[in-house]
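Line order of the protein sequences matches chains H and R.
Read in the working numbering, the first sequence has 496 at position 496, and its numbers run on one by one without any break.
Read in the working numbering, the second sequence has 107 at position 107, and its numbers run on one by one without any break.
No wet-lab data here; the hints were simulated from the structure.
Glycine is no exception: its CB is placed at the ideal position from the N, C-alpha and C atoms.
Please note that a few of the clues may not be correct.
Claimed, not checked - Computed spacing ranges between beta-carbons, pair by pair:
id: 1; chain 1: R; residue 1: 192; chain 2: H; residue 2: 386; range: 43 to 49 Å
id: 2; chain 1: H; residue 1: 628; chain 2: R; residue 2: 218; range: 25 to 31 Å
id: 3; chain 1: R; residue 1: 231; chain 2: H; residue 2: 312; range: 47 to 53 Å
id: 4; chain 1: R; residue 1: 242; chain 2: H; residue 2: 199; range: 54 to 60 Å
id: 5; chain 1: H; residue 1: 386; chain 2: R; residue 2: 71; range: 18 to 24 Å
As the list claims (entries may be wrong) - Negatives, chain R to chain H, calculated, CB over 12 Å:
id: 6; residue: 21
id: 7; residue: 23
id: 8; residue: 207
id: 9; residue: 222
id: 10; residue: 235
id: 11; residue: 240
Residues per chain are reported as follows:
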Amino acid sequence: MQLDAKVPSGPIEKKWDEHRFDLKLVNPANKRKYTVIVVGTGLAGGSAAASLAELGYEVENFCFQDSPRRAHSIAAQGGINAAKNYPNDGDSIWRLFYDTVKGGDFRAREANVHRLAQISVNIIDQCVAQGVPFAREYGGTLANRSFGGAQVSRTFYARGQTGQQLLLGAYQALERQIGLGQVRMHPRTEMLDLILVDGRARGIVTRDLVTGKVECHVADAVVLGTGGYGNTFFLSTNAKGSNCTAIWRAYKRGAAFANPCYTQIHPTCIPVSGDYQSKLTLMSESLRNDGRIWVPSKKEDTRPLDRIPDAERDYYLERRYPSFGNLVPRDVASRNAKAVCDEGRGVGPGGLGVYLDFADAIKRLGVGVVRERYGNLFDMYERITGEDPYRVPMRIYPAIHYTMGGLWVDYDLMSTIPGLYVIGEANFSDHGANRLGASALMQGLADGYFVLPYTIGNYLATTKFEKVDAGHAELRKVEGEVRERTKKLVESRGKRSADSIHRELGKLMWDKCGMARNAAGLGEALAKIPEIRERFHREVTVTGSGEEWNRELEKAGRLADHLELAELICTDALERNESCGGHFREEHQTPEGEALRNDQDFCHVSAWEYTGPGNKPVMHKEPLTFEHVHLTQRSYK
Amino acid sequence: MRITLHVWRQKNAKEAGSFVRYDVPDVSEHMSFLEMLDVVNEGLIAKGQDPIAFDHDCREGICGMCGFMINGAAHGPLRGTTVCQLHMRKFSDGDELWLEPWRAKAFPVLRDLAVDRSALDRIIAAGGFISVPTGSAPEANALPVPKEKAELSMDAAACIGCGACVAACPNASASLFTAAKVTHLGLLPQGQPERSRRAIAMVAAMNENGFGHCTNLAECEAACPKAISIETIARMNRDFFAASFSSRD
Ligand SMILES: Cc1cc2nc3c(=O)[nH]c(=O)nc-3n(C[C@H](O)[C@H](O)[C@H](O)COP(=O)(O)OP(=O)(O)OC[C@H]3O[C@@H](n4cnc5c(N)ncnc54)[C@H](O)[C@@H]3O)c2cc1C
Ligand code: FES
Numbered sequence: 001m002q003l004d005a006k007v008p009s010g011p012i013e014k015k016w017d018e019h020r021f022d023l024k025l026v027n028p029a030n031k032r033k034y035t036v037i038v039v040g041t042g043l044a045g046g047s048a049a050a051s052l053a054e055l056g057y058e059v060e061n062f063c064f065q066d067s068p069r070r071a072h073s074i075a076a077q078g079g080i081n082a083a084k085n086y087p088n089d090g091d092s093i094w095r096l097f098y099d100t101v102k103g104g105d106f107r108a109r110e111a112n113v114h115r116l117a118q119i120s121v122n123i124i125d126q127c128v129a130q131g132v133p134f135a136r137e138y139g140g141t142l143a144n145r146s147f148g149g150a151q152v153s154r155t156f157y158a159r160g161q162t163g164q165q166l167l168l169g170a171y172q173a174l175e176r177q178i179g180l181g182q183v184r185m186h187p188r189t190e191m192l193d194l195i196l197v198d199g200r201a202r203g204i205v206t207r208d209l210v211t212g213k214v215e216c217h218v219a220d221a222v223v224l225g226t227g228g229y230g231n232t233f234f235l236s237t238n239a240k241g242s243n244c245t246a247i248w249r250a251y252k253r254g255a256a257f258a259n260p261c262y263t264q265i266h267p268t269c270i271p272v273s274g275d276y277q278s279k280l281t282l283m284s285e286s287l288r289n290d291g292r293i294w295v296p297s298k299k300e301d302t303r304p305l306d307r308i309p310d311a312e313r314d315y316y317l318e319r320r321y322p323s324f325g326n327l328v329p330r331d332v333a334s335r336n337a338k339a340v341c342d343e344g345r346g347v348g349p350g351g352l353g354v355y356l357d358f359a360d361a362i363k364r365l366g367v368g369v370v371r372e373r374y375g376n377l378f379d380m381y382e383r384i385t386g387e388d389p390y391r392v393p394m395r396i397y398p399a400i401h402y403t404m405g406g407l408w409v410d411y412d413l414m415s416t417i418p419g420l421y422v423i424g425e426a427n428f429s430d431h432g433a434n435r436l437g438a439s440a441l442m443q444g445l446a447d448g449y450f451v452l453p454y455t456i457g458n459y460l461a462t463t464k465f466e467k468v469d470a471g472h473a474e475l476r477k478v479e480g481e482v483r484e485r486t487k488k489l490v491e492s493r494g495k496r497s498a499d500s501i502h503r504e505l506g507k508l509m510w511d512k513c514g515m516a517r518n519a520a521g522l523g524e525a526l527a528k529i530p531e532i533r534e535r536f537h538r539e540v541t542v543t544g545s546g547e548e549w550n551r552e553l554e555k556a557g558r559l560a561d562h563l564e565l566a567e568l569i570c571t572d573a574l575e576r577n578e579s580c581g582g583h584f585r586e587e588h589q590t591p592e593g594e595a596l597r598n599d600q601d602f603c604h605v606s607a608w609e610y611t612g613p614g615n616k617p618v619m620h621k622e623p624l625t626f627e628h629v630h631l632t633q634r635s636y637k
Numbered sequence: 001m002r003i004t005l006h007v008w009r010q011k012n013a014k015e016a017g018s019f020v021r022y023d024v025p026d027v028s029e030h031m032s033f034l035e036m037l038d039v040v041n042e043g044l045i046a047k048g049q050d051p052i053a054f055d056h057d058c059r060e061g062i063c064g065m066c067g068f069m070i071n072g073a074a075h076g077p078l079r080g081t082t083v084c085q086l087h088m089r090k091f092s093d094g095d096e097l098w099l100e101p102w103r104a105k106a107f108p109v110l111r112d113l114a115v116d117r118s119a120l121d122r123i124i125a126a127g128g129f130i131s132v133p134t135g136s137a138p139e140a141n142a143l144p145v146p147k148e149k150a151e152l153s154m155d156a157a158a159c160i161g162c163g164a165c166v167a168a169c170p171n172a173s174a175s176l177f178t179a180a181k182v183t184h185l186g187l188l189p190q191g192q193p194e195r196s197r198r199a200i201a202m203v204a205a206m207n208e209n210g211f212g213h214c215t216n217l218a219e220c221e222a223a224c225p226k227a228i229s230i231e232t233i234a235r236m237n238r239d240f241f242a243a244s245f246s247s248r249d
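Chain H with its partners taken away, still in its complex shape (with noise of 0.2 Å):
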């Protein structure tokens, strides 16, 4: 396997303009002529699967759930960065690239972050002019805050639930399209292997997941943008539904996958309240603006709040951080908190919890402004918890949110594999290590409006395509192993739920995987996964048959493949012998315990190539090079 990035040459800030004027155009009236399909329908599906058909091209696209509207970007609710220094505050396309950078832990490439932060600015001018509601000034112009970590306000949202916003934006821009007829949309559809022909991607294999149909579609090139797979984890902030399964596929069939180990682990989420748990519910972290952090400064102090004094809680995050206080970004807040935890100093059931209290902010602005700002959180952490952040302090912890790691793509967009192109989450392209907050919408959407849809056009004008017809025998071969995968599946008898074995895994990942790792806990896991792996295939039952709606058996083809990923993540962790933004190696930290790069031997992408049923997967290394942003050990003090 060869990786070739494509950088394009030239001085960085040209780098996107000269490629697109090198990239071959496919002639309007041929257009027509050429058949995509795009798998997924979230900011980064919909928003491609919609631009490539307003283009011409004939587009097959493809969601799990009931509609596209509903993919997981829905749930997205702090807002998207742009580089359009409204604010006159400083920002910059610069400051954005230097940011996304550094803050990624220098292991991205530069040129795809530069290219991410010019676009960022027609990002907002396309939502606005579709509609989304983004927040106003009393003046009539767009309103921006501070997110994350950052030092300007670049942050367009509206209100909480920006993802849905952008998401209903790309949507209506998708159904206009089906409406014409140009996109044929395939809801309650899931794709479960990719289809090659002499080594291009030429089309998917589906199952219905009403009627159980599976069948094959075939096109001119196929574009993933099927989410992340933080689920590996069972319990975190992504939808019951979001997986691995396209993606792991398309590893399988010779797509490299990048840094899997690269997993963001949010800091302010509803802890979790019994074995029942199904997920883990994000509070915005616009609440960091805002509430203050703490933990009791002794150990298992158990005093109700009002008698714990102010000189008896430590607000860790000030006190360690001065500069940014609780607005670290989100590896070191998490750290931290499962540090304190550790020690003895959480809070809540099981101890597993830190205070997120809004006391002072509502003595300093008022209740209403604190409602203003946060109160539809506030609303939904009291139907979750049952107790009011008005009052008490909410409790909160670290849970999986966000996957950097996916699967390689050169500057197109590309994988390993021609014609196979990988947009959004499902990619690795420009978070690094560690993603800033707000920067994965505007990634998705970047991807889908304005990247792929000319970089696709390259690929399909210089490409020469043999007729494939329904009767090729690698249809029929791929499609006859689906078949042979599922029915094993729906013969599995055993006596054990697929979430229970899924739990399982999830609690082994969190443990070994999760926010600090070493190389014994790691081995622990690599030796584990493969046993829970063996056992799922004996133990597993799957109620029902395949021929029906039947979500015990979709959930146990998505387990097996996150059962194979696992291993691979934790491959990928135990190879990285350093500590970089979300892959904290505890063998590997400063004296005062922050993450400890080194980028003499680690300063490059790891790309691992599948060899295979029980052989170990090779890593290619893509090396990075910093020209512009120098490397630096990040400090937040």
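Since the structure of chain H is already known, use the hints to place chain R with the ligands on it.
Just chain R with the ligands now, with coordinates in the frame of chain H:
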């Protein structure tokens, strides 16, 4: 606490359905309603029986995928809350609950508590958008929007498309859903060029897809988990009549 459920079980769109009783002991007050159903399903799976089918995804009250009737109320008894955000502390020991799918001609039952809501997507496809192809947008601040309008527009845009309004309406009308989109876009300057066309096309699509007419019963507003106001329906009607009038000119 102990809860008794009577759940509508129906294998697929063709077969007839009926209520089946389940006794659920040991329900924790901290569970969400769907987590309580997960526990029931674990029990069924252990016995080799088909679990209860229901739609859900985000479990955060935002994707709009979940929804069924609890004792005749869409999303259950708590106002402004989807069923995934409803927690068992809102119920009492010994409660008897009847769970049914959304009932509407336009929403055929697929299995148990899950229905086909694709008719709602077809209403959007008919006109619930602003036609602005990627790349053709002007600079974002070129078009100021008064804060009050942006806020009102956002109130309507908060619709999650769950279909509770249809299920709650004795006429199974999709007026609140449709009006929310007409209002969201119609309040913004960007939405003006297509305002008339949009109202006409979306109302027509609503009728074609088997939804009933609005007779101002306001049950939809009470059931809406996002508290969308029926004032949006008045707004849609104004746009619709104004447009029908001018199109006859
Ligand atoms: C609770 C929460 C809050 C967040 N808040 C923010 C924020 O404030 N700002 C920010 O920038 N980022 C935020 N993020 C991150 C951001 O929302 C996501 O990274 C981003 O939306 C992912 O978009 P996507 O299009 O890549 O994937 P998704 O939106 O997850 O879409 C995936 C799509 O793929 C489809 N799919 C998946 N697998 C298959 C398959 N096998 N077959 C067929 N279809 C399939 C799904 O149906 C869906 O349509 C948040 C994330 C979460 C979970
Ligand atoms: S599951 Fe998403 S709104 Fe209830």
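Here is what the structure says about each hint:
Hint check: residue 192/R to residue 386/H, Cβ distance near 45 Å, so the stated range 43 to 49 Å holds. Judged by the Cβ atoms, the range 25 to 31 Å given for residue 628/H and residue 218/R is violated: they are separated by roughly 59 Å. Evaluation of the 47 to 53 Å hint for residue 231/R and residue 312/H yields a pass: the beta carbon distance comes to about 52 Å. With their beta carbons about 58 Å apart, residue 242/R and residue 199/H fall inside the hinted range of 54 to 60 Å.
The hinted window of 18 to 24 Å between residue 386/H and residue 71/R holds, with their beta carbons roughly 22 Å apart. Once the 12 Å rule is applied to beta carbons, residue 21/R is consistent with being away from chain H; the minimum gap is 19 Å. No beta-carbon of chain H is positioned within 12 Å of the beta-carbon of residue 23/R; the least distance is around 17 Å. Separation of residue 207/R from chain H is adequate, the least Cβ-Cβ distance of about 16 Å exceeding the 12 Å criterion.
With 12 Å as the threshold on Cβ separation, the claim that residue 222/R sits away from chain H holds: the shortest Cβ distance comes to roughly 18 Å. Residue placement check: residue 235/R keeps its beta carbon more than 12 Å from all beta carbons of chain H (closest about 15 Å). For residue 240/R, the condition that its CB be more than 12 Å from all CB atoms of chain H holds, with the nearest at approximately 19 Å.
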